[in-house]
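Peer 1: Same order as they appear, the protein sequences are chains Y and A.
When the letters of the first sequence are read in order and numbered with the numbering used here, they come out as residues 1 to 625.
When the letters of the second sequence are read in order and numbered with the numbering used here, they come out as residues 1 to 243.
Errors might be hidden in some of the hints.
Between beta-carbon pairs, the in silico distance windows are [as the list claims (entries may be wrong)]: (1) 129/A to 222/Y: 34 to 40 Å; (2) 24/A to 499/Y: 23 to 29 Å; (3) 135/Y to 57/A: 56 to 62 Å; (4) 26/A to 425/Y: 46 to 52 Å; (5) 32/A to 160/Y: 57 to 63 Å.
In short, the hints are calculated from the structure, not lab data.
Since we're looking at a predicted model, the values are computed, not measured.
Just so it is clear, CB atoms sit at the ideal spot from N, CA and C, and this is done for glycine as well.
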Amino acid sequence: MKSRGTVENLQSWLPKVKHSSLSGWSVFWVLLLLPAFVWAQDAATQAMSVEYRDIPWIGSRNLVWIVAQQHLLLAGFVLGVPIFAWICEIVGWRSKEPRYDKLAKEFTKLLTSAYATTALFGGILLFLLIGLYPKLMAYLSDVFFPSFIAYCILFLLETATLYIYWYGWDALQGNKKGLHIFLGFLLNLFALGIMIVPNSWATFQASPVVLGDGTAIERAWTAMQNPTWWPVNIHRLIANVVLGGFICGAYAGVRYLLAQTKEEKDHYDWMGYVGNFIGVFGMLPLPFAGYWLMREVYQYNQQMGITLMGGFLAWLFILQAMLIGVLFLGANYYFWMGIAYRIPGSAQSYKRPILAMLVVLMVCLGVWMTPHSLVASLAEAQLMGGTHHPLLGVFGVMSAKMTVSNLMILVTFMSFIMYWRAGKQETAAWAKVAKAVMGALLAIGGIAVVVLGVWGYFVPAIIRINYFSVAQVLIVLFIMVTFTPLTALLMKSAKTTTEMVWGQMPIRAGYALVLNAVMVILLMSLMGYARSSSRVHWHIYGVMRDTSEYAYSPALGYAAAFMSLNTFLFCLLVSFIFWVATMGDKVKKGPEQGQAAEDPTKISGGVTPAMAGGAPRVGEETLKI
Amino acid sequence: MKNPLAKAGILLVGMYVFLKFILPQFTAPLPASLIFLYLALTFAASTIFFTMSGAGLEDFMGPVGRFLTGEGQSGIAGTARILVFLVFPLLVGWQTYTKLAPSDAPPAENRTIHPAPPGEFVGLANPFPKTQDNIMMGKGLYAAFCSPCHGANFDGKGPAAPGFNPPPANFSDPGTIAQLQEAYLFWRIKKGGVGLPIEGMPWKSAMPRWEFELPDDWIWKIIMGEYDGAHQSPRTWEEEEEE
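Using the sequences and the accompanying hints, generate a full structural model.
Peer 2: Laid out in structure tokens, this is it:
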């Protein structure tokens, strides 16, 4: 209305202008264009006042949910795989086993296409956020602009390093290998930066801090150092390793199922083992990192902590227990099948310890999955005297959950140790003493974890959280860091009584690997939703309220459907990336690509016999370093 | 018995009998959802253990496969197979009918016991020092206003408790007030069941809205008396606060 009135006024002016003079023409054009400026100004004012835009049918929140989840999962993959590849490259370099180098290269090849896809989704997400949530993005840009610049620089450095790392792989061999390893280090360093900078934006939304006066850089830095930033950084870093490992395992599992030749079977069986190994080892410290994150959330804001752990999102943690349980079971099942199939004749002799470990795992999982408030009908609740069962209700609180998660980690670690020792006979004179010490440590450690867990019910929460839970974690870590070198020393001089045979695993082992990867993706989707939903109706918790039509938390079933959809879409994307990256292999199948190890049965001790899944054979007692 | 399938079947039946009939002899009966969960875990454990090796897989799944395909099934086994094929769909139909048929029974619920408190109650601290006088006063107020439902022993077994479903909270249970900060209790006492947020639906709480009856000072002292009487400590983040 205002602009129309202005135009009418201008039209009434126009006849008064002398057209013959230059100045007159100038005035004429200025006046002619003036309405455009006014309209533009109005449009700009209108645009500035837009808080939200929507997308028909699917809705802006759902679209952002899907795109953000795909971007985050791809980012996890793109950041996890370089860690995985770099570790493999170092192992190959130190052990002088070329198959590790080939494995690392095979996965780095995926990075180039995966990296582009991740950046593509990142770009789409950015456009969507700017378009659909302009007010929020304006606020975040105001706070974080200096970090945007840092992010761009890191992105450029990461891209350049990735290109040199990948295209320089063959050129930087031999005495230049150290330089290539250093490039891998830089790649992971920049990747870490790329991860933690955006983490600060997301964690600021969940746990904002007071921004005082100061320069733009000071304000951004203050905002970045919010209470949940580092817990999320550490949690995501470890989770990315797990994702990278299990996706490698799934890839190997699928290729193993499709393998036509013995060489292919051997190679992909071994690759599946390495993927599972790295995934499991990443998974072991993950619950500790998650516990730290939740502790920080509770400490930051009781309301948010209760929403997550005691409120309407608490059921997500029962789902989480189920998914983690399946993951632990899948990883152990794979280890146990490895003993039965790769070490002929071992199945019977390890039956009892496997049964014992399975029982402990299942009991722990049962405790972990038991909710505090049970799903019960009215009649059942009346019989129980409420929704808390008088006996089993005690399993529903953190003391029980922490205890069983520690025990499950311990069992999984012991599964790996058993696998490592299977088919070998210790020859060291001190072997009996070492085994007795390890047995005693395991028993004492296990009992101590349980005692602390039970004791935790009878002490103030702060004592349990600050001391008992930490002590439980330290006990398990102590066992892990004691057993690993001790077993390595034992295996250094051990003799192989039964040769490990690759390529003999049953097809269900391949499916177990795929299942593990799907579980990890589902878990990341689930916990991503939990973290994001804990803000409830706030864009920035307690600072900027969500006033859109989507300012409500979706029902858990609805959310679960989206998590499943996101998992499915991500699996499709990863399959596409794998397909594209390996397309050329089918044409130029040669000695370098997709082929078997030189001789899979010749597994020397190397620097990491555990990872290689072998030990020196009889008579081969020295480490090759 | 050497047949793994039979072993797994016996294990499942044994677990069901234990959970459904034996355990309730010592404690309250378990809800169906929990029994189902534990049976599912038992089944998963059996499957994992018996399919670890090739021979185990054959022993475990072989009979199932032969039963389904009819391979070597004759005589009584053949008749049993046909009976199973007839009865199984009927069982599925019956189960579907019982799940979907209209009923006046309320559905099983996953109630949110600890909805998040409103922002204005977050971070509040008890303004009164933990002195013997304050504790005793809190216990006295508790006896007057709270014990009829929550019990003189802080165990949720007051004389009025049987009239409520769900029953009043048992404060001596380490899973209740010991998991919460004092500010949370302050909110629940002050605002009562009607003050629960929407995420706490269904609002199954008969807790009165005490803000009209009790001044804030009294509420804080009652909280102090509750923790002391139930031999619990509130959740805190600073150890100094314990002293």
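Peer 1: Looking back at the hints listed earlier, which ones does the structure fail to meet?
Peer 2: Going through the list in order, the structure violates hint 2 alone and respects the others.
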